[in-house]
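Residues per chain are reported as follows:
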Amino acid sequence: MATVFKRTEMLVDVPQHYCPGCTHGIAHRLVAESLDELGVGGRSVGVAPVGCAVFAYNYFNCDMHEAAHGRAPAVATGIKRVLPDNIVFTYQGDGDLASIGTAEIVHAAARNENITVIFINNAIYGMTGGQMAPTTLPNQVTTTSPYGRDASHCGMPLKISEMLSTLDGTYYIERAALNTVKNIKNAKKAVKKAFQNQVENKGFSLVELLSTCPTNWGMTPIEALKWVDDNMIPYYPLGVYKDRGEGELK
Amino acid sequence: MAKQLMKGNEAIAEAAIQAGCRHFFGYPITPQNQIPEYMSRRMPQVSGCFLQAESEIAAINMVYGAAGAGARVMTSSSSPGIALKQEGISYIAGARLPAVIVNIVRGGPGLGGIQPAQSDYFQSTRGGGHGDYRTLVLAPASVQEAVELTQEAFDLADIYRIPVIVLGDGMIGQMMEPVEFGKYKKREVPDKEWASTGTEGKRKPNIINSLFIDPDDLEKENIKLMNTYEEIAKNETRAEITNAEDCEILIVAYGTTARIVKNVIKIGEKNGVKIGLIRPITLWPFPSETIAKYASQSSVNSVFSVELSTGQMVDDVKIAVNGVKPVYFYGRTGGVVPLPEEIYENVIKKTGGAK
Ligand SMILES: Cc1ncc(C[n+]2csc(CCOP(=O)(O)OP(=O)(O)O)c2C)c(N)n1
Ligand code: SF4
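From first to last, the protein sequence lines are chains A and B. With the numbering used here, letter number 66 in the first sequence gets 66, and the count goes up by one each step, no holes. Here the numbering used here runs 250 ahead of the position in the second sequence, where the first position is 1.
Simulated from the structure, these hints should not be mistaken for lab results. Bear in mind the structure is a predicted one, so any value in this text is a computation, not a measurement. Even for Gly, the Cβ is constructed at its ideal location relative to N, Cα and C. Take the hints with a grain of salt, since some may be wrong.
Chain B side only, calculated, beta carbon under 10 Å to chain A, not exhaustive [to be verified]:
#1 272
#2 307
#3 314
#4 317
#5 320
#6 321
#7 446
#8 447
#9 449
#10 450
#11 454
#12 457
If you want a taste of the chain A side facing chain B, the calculated C-beta under 8 Å gives, among others [what the hints assert, rightly or not]:
#13 42
#14 44
#15 54
#16 66
#17 67
#18 77
#19 82
BS3-like mimics (lysine-lysine), calculated; alpha carbons at most 30 Å apart, straight line [claimed, not checked]:
#20 452(B) - 192(A)
#21 454(B) - 192(A)
#22 193(A) - 454(B)
#23 6(A) - 189(A)
#24 454(B) - 188(A)
#25 516(B) - 568(B)
#26 452(B) - 6(A)
#27 182(A) - 226(A)
#28 6(A) - 193(A)
#29 182(A) - 193(A)
#30 189(A) - 452(B)
#31 512(B) - 524(B)
#32 452(B) - 188(A)
#33 202(A) - 452(B)
#34 188(A) - 226(A)
#35 543(B) - 599(B)
#36 454(B) - 6(A)
#37 193(A) - 452(B)
#38 454(B) - 189(A)
#39 516(B) - 599(B)
#40 474(B) - 484(B)
My request is simple: use the sequences and hints to build the entire structure.
Shown next, in the form of structure tokens:
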């Protein structure tokens, strides 16, 4: 019988701890496939965040660092400055990257650090049990915005791809989603490109992946996928926000 | 190498370069600015990397990444900046990474002042950040000693896989003294087979990590750290002893203060009072046994801790002396540096002088 689908070499053969229907697993797969296809796994060093993906260091089949909450871009900077020929990436949630770690991501981007950043935007703090994130949508209910996010009280969400694409330093910024087969295919292209850019020494590349958290959104996995279409994509439009290889788009 | 006249901060920076440090991440703060400034000039000359980070938090996390990737790496700051670095220092300790952190201490709390102080003793010797850990703390009293201790700090960090703090004060950082770089004898250091530099497909992934979610695993890790600390205490505890044999008053002082106390000893000699000095060179591990030994001499009537603070090291002196003799404190703080006469008078006032 012909094998049509198998584990990629760049994922360790262990059960992952993510909830059923969580798209973190898909994001892992896309990263691992990209490293595999580019043949750079042996010289890759990843940085795991604090968040649901904290154990990513057990899942990616390459050398890994576990960073403090939000500091992954600074840790990756340290690694890349020591190992300029290695492929260095961070994998970060929205609390990690867009709240506690905003200074670190903005400055790594401004320096055009030649690293790849995978940014998981699920509009919530997953690991700590569903609190409001900087990316939580207006009126979205979370455990710390029980009446819905009140923008007059706690402001509006951060649009990271839009923000970072305004910096002269960034090389490539794209937002993709993990909720449909078509979107996942596009997401894969974006992730692979973000690594390819690093291989070619192009500079700072970030892919924002709209992701689900059925557990803390209080939805079934199917409802969660649909919620991305109905609520997240309209607020966080998909597409390439910056590609210095193609001139600036969008 | 011939002697040259150098400012403490620049000498510390050059010592790091001489020790093979090729990565430095820092953020400006007085009175340590000459360290990053010197590094920004010098690193490109030796194919090294100086990077000014966006904050002390970022700088120490760059250190974490660089150390995990196997580099000899350093950062420097002064008190408020060191407070911000504590998160990263705790992670470095937890992940058992070697790194050197220089603190050119200034007065506090808060924004405090920019003049020399020793008010970060607690922060330095109690770990400083969260969790059950220690850092090795080296306290130079001259620019020459700052050079040698900085060079050794890199070896100690590599040998024990821990963060090492070089604790100077504004005086050590800012004053100029003649220095020689070739004096330090390199120690043997182990290979960094744990570093995460890419598997090359030849080994299992190396993971730099301080997370141990199972309490039994974390406890094992804590015990591993504790064992390392015990080994360090056994092998590396250091103090300089001056005039302490059969002294009547025993003073414990470190860094700049210890140098002032050497003049207090001379005043004592003129007045027929024998004053001894124990100068801890390692603040952690603290030279408790040495202090206990000299304090328990029958000649000693009292022990003093003299500091540029309102009294921090005195706690450790009391623990060391363990009630065998009365322990007193004298200090000036906020950036004020006492004269030898002032210290002498206060010591005599408290102890009633010689018996
Ligand atoms: C300094 C610090 N503050 C807070 C926490 C607690 N904490 C752990 S994960 C997390 C949020 C993670 O959310 P996100 O980055 O959105 O990732 P997700 O879990 O949704 O994937 C927080 C606040 C921590 N570990 N460290
Ligand atoms: S809590 Fe949410 S983000 Fe975390 S694993 Fe579960 S579904 Fe995924």
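Legend entry - Non-conforming hints, listed in increasing numerical order: none
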